[in-house]
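Undergrad: These are the residues of each chain, in order.
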Amino acid sequence: MTFLKPTRRLFLGGALSTAGARLLMPTRARAQTAVALQLSWLHSVQFGGSYIAQDKAYWADAGLEVSLLPGGPNAPVEPPVVAGTALVGISAADYTAAAVNQGAPFKIIGVAMQKNPFAIASLPENPVNSPADLVGKKIGMALANTPVLEALCSINDVDIEQIEVVPTQYDAAPLVQGQVDCLLCWATDLPVAMESQGIESVTMLLADHGYAVHSQTYIATEDSLANRRDQLVALMKGEVMGWQDYHADPEAAAALTVEMFPDAGLDLATQTLQAARQVPLMFSALTEAEGFGWFTDETVAANVETLALLGKPVSPELWDRSILEEVHG
Amino acid sequence: MRMSARPDIRLEGVAKSFGAAGRRIEAVAPVDLVLAGGQMTALVGPSGCGKSTLLRLIAGLDAPTEGRISIGAETPDALRRRAGLAVAFQDAALLPWRTVEGNVALGRALARKPRDPRAIRDLIALVGLSGFGRRRPAELSGGMRQRAAIARALAGEPDLLLLDEPFAAVDALTRDRLNAELPPLWEARGATSVLVTHSVAEAVRLSDRVLVLTPRPARVAADIAVPLPHPRNADVLASEDFRALCSDVTEALRVHQFPQSVAAQ
Amino acid sequence: MTTRRPALSRDPAPRAAARSLPRGSGPLLVLLLWEALARATASGFIIAAPSQIVHHLATHAELLLRALGTTGWAALRGFVWGNLAGVLLALAAVLVPRGERLLSTLALLVFCLPLVATGPILRVLYGPGAGPQVTLAALAVYYTTFLPVLVGLRAAPQGWFDLVRSYGRGRMTELREVRLPAALPYLVAGLQIAAPAAFLGAMVGEFTGAERGLGVLTVRALRALDLPATWSIAGLAAAVSMLAFAAVGWLGRRLDLAPPEVLLAPPVVRGRRAWSGLAEAALALGVTLLVWKGSMAVFGLPRFFARRPEDVWSYLVTAPGAGAQRQRLFAALGETLVLAVPGYLAGLLLGAGLALALALRPRLAGAVIPLSIALRSIPIVATAPLIVWALGRGATGSIAVVATMIFFPTLIACQHGLARTPRAVLDLFAVYDASPLLRAQLPAMLPAFFASARMAIPAAILAVTTAEWLATGRGIGALLATVASTSDYGMLWSAIALIGLASVLAHALLASVERRILSRTSAEQLAR
Numbered sequence: 109m110t111f112l113k114p115t116r117r118l119f120l121g122g123a124l125s126t127a128g129a130r131l132l133m134p135t136r137a138r139a140q141t142a143v144a145l146q147l148s149w150l151h152s153v154q155f156g157g158s159y160i161a162q163d164k165a166y167w168a169d170a171g172l173e174v175s176l177l178p179g180g181p182n183a184p185v186e187p188p189v190v191a192g193t194a195l196v197g198i199s200a201a202d203y204t205a206a207a208v209n210q211g212a213p214f215k216i217i218g219v220a221m222q223k224n225p226f227a228i229a230s231l232p233e234n235p236v237n238s239p240a241d242l243v244g245k246k247i248g249m250a251l252a253n254t255p256v257l258e259a260l261c262s263i264n265d266v267d268i269e270q271i272e273v274v275p276t277q278y279d280a281a282p283l284v285q286g287q288v289d290c291l292l293c294w295a296t297d298l299p300v301a302m303e304s305q306g307i308e309s310v311t312m313l314l315a316d317h318g319y320a321v322h323s324q325t326y327i328a329t330e331d332s333l334a335n336r337r338d339q340l341v342a343l344m345k346g347e348v349m350g351w352q353d354y355h356a357d358p359e360a361a362a363a364l365t366v367e368m369f370p371d372a373g374l375d376l377a378t379q380t381l382q383a384a385r386q387v388p389l390m391f392s393a394l395t396e397a398e399g400f401g402w403f404t405d406e407t408v409a410a411n412v413e414t415l416a417l418l419g420k421p422v423s424p425e426l427w428d429r430s431i432l433e434e435v436h437g
Numbered sequence: 129m130r131m132s133a134r135p136d137i138r139l140e141g142v143a144k145s146f147g148a149a150g151r152r153i154e155a156v157a158p159v160d161l162v163l164a165g166g167q168m169t170a171l172v173g174p175s176g177c178g179k180s181t182l183l184r185l186i187a188g189l190d191a192p193t194e195g196r197i198s199i200g201a202e203t204p205d206a207l208r209r210r211a212g213l214a215v216a217f218q219d220a221a222l223l224p225w226r227t228v229e230g231n232v233a234l235g236r237a238l239a240r241k242p243r244d245p246r247a248i249r250d251l252i253a254l255v256g257l258s259g260f261g262r263r264r265p266a267e268l269s270g271g272m273r274q275r276a277a278i279a280r281a282l283a284g285e286p287d288l289l290l291l292d293e294p295f296a297a298v299d300a301l302t303r304d305r306l307n308a309e310l311p312p313l314w315e316a317r318g319a320t321s322v323l324v325t326h327s328v329a330e331a332v333r334l335s336d337r338v339l340v341l342t343p344r345p346a347r348v349a350a351d352i353a354v355p356l357p358h359p360r361n362a363d364v365l366a367s368e369d370f371r372a373l374c375s376d377v378t379e380a381l382r383v384h385q386f387p388q389s390v391a392a393q
Numbered sequence: 326m327t328t329r330r331p332a333l334s335r336d337p338a339p340r341a342a343a344r345s346l347p348r349g350s351g352p353l354l355v356l357l358l359w360e361a362l363a364r365a366t367a368s369g370f371i372i373a374a375p376s377q378i379v380h381h382l383a384t385h386a387e388l389l390l391r392a393l394g395t396t397g398w399a400a401l402r403g404f405v406w407g408n409l410a411g412v413l414l415a416l417a418a419v420l421v422p423r424g425e426r427l428l429s430t431l432a433l434l435v436f437c438l439p440l441v442a443t444g445p446i447l448r449v450l451y452g453p454g455a456g457p458q459v460t461l462a463a464l465a466v467y468y469t470t471f472l473p474v475l476v477g478l479r480a481a482p483q484g485w486f487d488l489v490r491s492y493g494r495g496r497m498t499e500l501r502e503v504r505l506p507a508a509l510p511y512l513v514a515g516l517q518i519a520a521p522a523a524f525l526g527a528m529v530g531e532f533t534g535a536e537r538g539l540g541v542l543t544v545r546a547l548r549a550l551d552l553p554a555t556w557s558i559a560g561l562a563a564a565v566s567m568l569a570f571a572a573v574g575w576l577g578r579r580l581d582l583a584p585p586e587v588l589l590a591p592p593v594v595r596g597r598r599a600w601s602g603l604a605e606a607a608l609a610l611g612v613t614l615l616v617w618k619g620s621m622a623v624f625g626l627p628r629f630f631a632r633r634p635e636d637v638w639s640y641l642v643t644a645p646g647a648g649a650q651r652q653r654l655f656a657a658l659g660e661t662l663v664l665a666v667p668g669y670l671a672g673l674l675l676g677a678g679l680a681l682a683l684a685l686r687p688r689l690a691g692a693v694i695p696l697s698i699a700l701r702s703i704p705i706v707a708t709a710p711l712i713v714w715a716l717g718r719g720a721t722g723s724i725a726v727v728a729t730m731i732f733f734p735t736l737i738a739c740q741h742g743l744a745r746t747p748r749a750v751l752d753l754f755a756v757y758d759a760s761p762l763l764r765a766q767l768p769a770m771l772p773a774f775f776a777s778a779r780m781a782i783p784a785a786i787l788a789v790t791t792a793e794w795l796a797t798g799r800g801i802g803a804l805l806a807t808v809a810s811t812s813d814y815g816m817l818w819s820a821i822a823l824i825g826l827a828s829v830l831a832h833a834l835l836a837s838v839e840r841r842i843l844s845r846t847s848a849e850q851l852a853r
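Protein chains in written order, with the numbering used here: chain A, 109 to 437; chain B, 129 to 393; chain C, 326 to 853.
Next up, chain A with everything else stripped away, as it sits in the complex (with noise of 0.2 angstroms):
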C-alpha cells in the first residue's frame, strides 16, 4: 500500500499541510516552516547557490525547511507553482509570461540570470559569429523553441525563411555528426558537455545579439505575494546569501553539488566548468550595485519588448521587486 499513500496528501493539499505547520510555529521556538522550491532541471550546479543556502543552513535560520525538487525532461515548473505544491519556481519570463497568458497567476520575484542563456553554438570549422552567419546554414533545436530563434531574426534582421530549421533531441550529437551546421542552446550546457568530450565549439549568446529575456527567474503566486510574503522573503535571502557565496567561490559551489547528489551521476571537472561559465550571466554591474536577483524598470522594459517580439505580450507588472526590496532593504 506503500505506493498508494502520498495520495492521502493530495486531499489535504500541500498548502494545508504547511499551514498545518505554521499553527504549531507559536508553540515551538524555531519550528521549521516546510517549502518547497521547484528547480526547472535535473540537479547540477545550475542550482548550485540554492545548495550553498541548504547546506550552511541560511534557510533553516530563517525558520525555513526547503526541499529543492528536481526539474527534468517532462516536469514542467507551472504546474506545481499554480497547485500550491512548490512555493517557488525557477521559470523564465519567455514562460512565465506564456504561462501568465494561460491564466496563471504568477508575478516574478527575482532574476537569477540577467544575461539569457541561450545560444548558437557551432563548431569552428562552420563558426556562427553572429546572427547574420545563420543564413544558409541548417540549425538543430526543439521545436519548442522557434519563437526564440524567430525572435533573434526579427530583432537582427535575418530572413528566418534562409535558415533550414531541423527539430532534433536537447543534445549535442547532430551537431558533431554533421547532421546540422549548429544548435539552439544553453550555453552553460551542451557546449560544456562538448568541450568534456574535448570537442572545441564556437558559442554565440543571444543575449549579446538584443534577446533579452530574463533567465532561472523565481516565480510566485499572487495568492502567495499577498498571504505567504514572509516565507518568499526567507526564501529568496537564502537564495541571495546562497549565491553570493557562489560567486565568490564557483568551484566549490561545483564541489558541493556533486557531495550533495552522488546519484545524479555528475562529473566534478564538467560542474566546475559549468559552475564558471554561468558567473557571467548571473552577475553584473546591475547585481554589484543592487544585490544578487536584482531588476530595473529598464531591463524589465527590454524583457516586455523582446517578449512582444516571442508573440507574449505581457506588461511590465509581471515583475514584482518587493520582496527583492525586502531582502536587500
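Derived from the structure by calculation, the hints contain no laboratory data. Everything numeric in this text was worked out from a predicted model, so none of it was measured. Any given hint might turn out to be false.
Claimed, not checked - Sample of chain C residues with no beta-carbon within 12 angstroms of chain B, all distances over it, derived: (1) 354; (2) 376; (3) 389; (4) 413; (5) 426; (6) 671; (7) 675; (8) 699; (9) 711.
What the hints assert, rightly or not - Listed next, the stretches of chain C that the computed footprint assigns to chain B, with coverage defined by at least 3 CB atoms under 8 angstroms from CB atoms of chain B: (10) 476–488; (11) 491–500.
Stated by the list, open to error - Computed Cβ-Cβ distance ranges for the label pairs, DEER-style: (12) A:367 - C:454: 20 to 28 angstroms; (13) C:391 - A:433: 41 to 49 angstroms; (14) B:243 - C:413: 29 to 37 angstroms; (15) C:715 - A:404: 49 to 57 angstroms.
We put the beta carbon where it would ideally sit given N, CA and C, even for glycine.
Assemble chains B and C onto chain A, guided by the hints.
TA: For chains B and C alone, kept in the frame of chain A given last:
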C-alpha cells in the same frame, strides 16, 4: 426436504428452436413424455436430430422455447441448483489442468459433497483407470478420458444421471467392457438416468426403455420398452428377445431416417 | 522437418542460438565487429564501443547499481499494481459482461493519456518521491495485461461452463474452476510483455522530476554526449528486462500450465441492433466525461493545467479563435496519421511474421527474442536518435520507431497463440507433410493477434508522438511538446481528447474486423 432419489421426468409440450426470427431452426418439436423414476431411458436417433438438445433441456442447461419440464416436483433448474443431477458430456469436458483424480474430485466438490479420497480412488478403479489418477487428460486416450468423465459424473452421487454419448470415442472392446461394468453403478444408486447414443445395441443393453427420435425437429418416432432382466449378462445378450428388440429399434430408426427409401419400397 | 512440431507446440521459450558456428564464436565476432565499427565512427558519437561500455560499467558500478535499485524497485511496484489492475479489470469485464465495452473503452482512454499530460499531474499529486514512477510503470502495463487475460478468461469451451452449470454452480465457481485456470497461460504472456514495459515506464517516470534512477542518468548522459554512459544504461535496462522476461517465462513453465487446446465453438449468430451500439457509445462518452471532470475535481487540480471537458469544448468550439485552433489540431492529427498507420501495420506484420517464422525455425528465437526485449525496454528517447541516425528524419525513421515499439508485444502474444494449435491438427498436417502454418496455426493465433493489435493502438500513438517530438517536428507529438512548454494547456487537453477519440475509433474499426474474422475461427471469444 429431500425428495425421492428416483424422480420421474415429465415433459409437457416441450419444444426448442434456435436462431433469430428470420431463420429459426426447430430442434425439438413439441414433445409430451414421462420418463419413469429409477429407470434408464435411451434416446437414439440419427446424428444432429436433437437428442443432445433434449438432454440439455432436461439438464436445465438450455431453456425450452415452449412447454415445461419437471423432475419429480422440481424444475430442472431447482434440481441443478441443489446439485441433484450430473451430466457426462460427449466431449468429456475434463479440465486439462487437473489430474484424473482432480477431475473426479471436482465432481464431488461441485456437488457440494464432502471430500472423500477413498470414494474417488474407488470410482477411478471402477472405471478402470487405477494407476492413472495422477495423469493429466492430455496424457490419456479418448476412451480413458470418457471413463474419467463418467467417474466424475458419478462422484457427485446424483439423483438424475444424464449421459451424452459417453462411449462415442471408446474402442469396441472397452465399450463392451464399460457397458458391462457401469450399469451396476447407477443401478445401485437407483438414479433416474437418460442415455443419448447412436448405438442400437448399447441402447437396448443399457436401458429399460428406448425412445427413437426422428431427424430434426426431434419427435418421438417409436417408444420401445425393454423388458429384459437385470443384470444383462451374456445370456441375456445372446437371447432372442435382445436381438428382436434391437431389430425393432433399428427398423424404427431406418423408417424415420430414410423416409424416401421406405416410400420407394 | 521432424523436430518442428514438438518444439513449437510444447515450448515457445527462447532456444539456444543457431549452432552453425563453433560454440561461442558468434557473439565474439559480433563484439569484435561492434568494437571496430565504434572505433571507426568515434568522432561521430554514434555508437559506444564494447570496451568503453565495460570501462564505464566498471568505473561507475556503484552509482549504476544504486540507480538500478531505485528504478527496479519502482518498476517492480508498478508491475505488481499494474498487473493487479489489469487482472481485476478483466475479471470485472467477464463478470459483468454488459459493462465490458465501457470498461474496455475507459481502460484504453487512460492508456492513451500522453506522458506530457500525466507526468506533471502525477508529480503534483504525489509530490517528491517514487509515486509518479510507480504509477507510470503501472499505467504502462495494465492494458497489456488486461487484454490477454480477458481473452484467456473466455478461452474455454462451452462444455466446461456447462459442466459447472450442470451442478447448479454460478459465476464464481465458473471463475474459480474454469476461467482463472484457463486464463493463466494468457496471464503469463501478459506478464512477460509487462516486464520490459514496467521498467521502461519507471525510467520514463523519472523524467517527471525524480532525484535518482536510471532514467535520470539517461537524461544526464544524453545531454553530456556521454555515449558509454548512455549505452551502459541502455544495456542494463535491457538486461534487467530480459531477466524479468525469462523469470516470468520460467515461472510459467514451472507452473506447468496446460494451455487449452483450440476451441470449437459454433459461430455466434447475433442480431445486433444499431441503436444498442449507439447507446453504448453515448454511455461510454458520458462516463468518460464524468470521470475526467470528477477526478480532477476530487483531487482539486487547478484548472490552469488540468483542463475540464467544458474547457476543451470552449477551446475548440465556442471561444474566439476556436476555428484556427481546431484547424491547427486537425492538421497535426493528419500529419500524425500519415506516419502512425503505416508504422502500426508494419509493426503488426513484423510481429506476427516473426512469430510464424520462429514457429518454423524455433532456433532463431535465441537471437530474436533478446533483441526484441532490448528494443522494447530501452527508452525510446535513447533508441530514437540511433534509429533516426540510421534511417533519417523522414517518414522512414518515424515509421521504424512506431514499428519497433509495437512489434514486440505482437510477437510474444502471437507466439503464445501459436502454441495453442492442437496436437491432433498438427499431426494431421504432418501426415500429409504439409505446412500447418496457414491453415491451422494462423487461425489458432488469431485471437492473440487481435488482442495485440488492440494493444498496439495506444502504443503506436505513443511511439509516433515521440518520434515526431524528437525527429520530424511535425504532427501531434510536436504540437504536444510545444504547447506543454508554453503552458498552452487548452491545446494540450484538446489534443489529448482528440487522441483518445481517434484511439477509440481505431479500436472500434479493429473490433468490427475482428468480429468478422473471429466469428469463423474463434467464436468463443465473441460470446458475451
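Undergrad: Is the gap between the beta carbons of residue 715 (chain C) and residue 404 (chain A) within 49 to 57 angstroms?
TA: 51 angstroms, holds
Undergrad: Find the nearest Cβ of chain B to the Cβ of residue 711 (chain C) and say whether that gap is larger than 12 angstroms.
TA: Holds, because the least Cβ-Cβ distance between residue 711 (chain C) and chain B comes to about 44 angstroms, which exceeds 12 angstroms.
Undergrad: Holds or violated: the 29 to 37 angstroms window for the beta-carbon distance between residue 243 (chain B) and residue 413 (chain C)?
TA: 30 angstroms, holds
Undergrad: How about the region 476–488 of chain C: do at least three of its residues have a C-beta closer than 8 angstroms to a C-beta of chain B?
TA: holds (count 5)
Undergrad: Could you let me know if the closest chain B CB is still more than 12 angstroms away from the CB of residue 376 (chain C)?
TA: Holds, since 50 angstroms exceeds 12 angstroms.
Undergrad: Quick check for students: does the CB of residue 389 (chain C) sit more than 12 angstroms from each CB in chain B?
TA: 42 angstroms, holds
Undergrad: Beyond 12 angstroms from every chain B Cβ: check whether that's true for residue 413 (chain C).
TA: Holds, since 22 angstroms exceeds 12 angstroms.
Undergrad: Take the C-beta atom of residue 391 (chain C) and the C-beta atom of residue 433 (chain A), compute their distance, and say whether it sits inside 41 to 49 angstroms.
TA: 44 angstroms, holds
Undergrad: In terms of Cβ atoms, is chain B entirely out of 12 angstroms range of residue 699 (chain C)?
TA: Given that every Cβ of chain B is farther than 12 angstroms from that of residue 699 (chain C), nearest at about 33 angstroms, it holds.
Undergrad: According to the definition I'm using, a residue is off the interface if its beta carbon is farther than 12 angstroms from all beta carbons of the partner; does residue 426 (chain C) meet that for chain B?
TA: Nearest chain B Cβ is 21 angstroms from residue 426 (chain C), so the label holds.
Undergrad: Any Cβ of chain B at or closer than 12 angstroms to residue 671 (chain C), or is the non-interface label fine?
TA: 37 angstroms, holds
Undergrad: Confirm or reject: residue 354 (chain C) is not an interface residue toward chain B, with every Cβ-Cβ distance exceeding 12 angstroms.
TA: Consistent with the label, residue 354 (chain C) stays out of reach of chain B, its closest Cβ about 43 angstroms off (over 12 angstroms).
The structure is consistent with each of the numbered hints, conforming to all of them.
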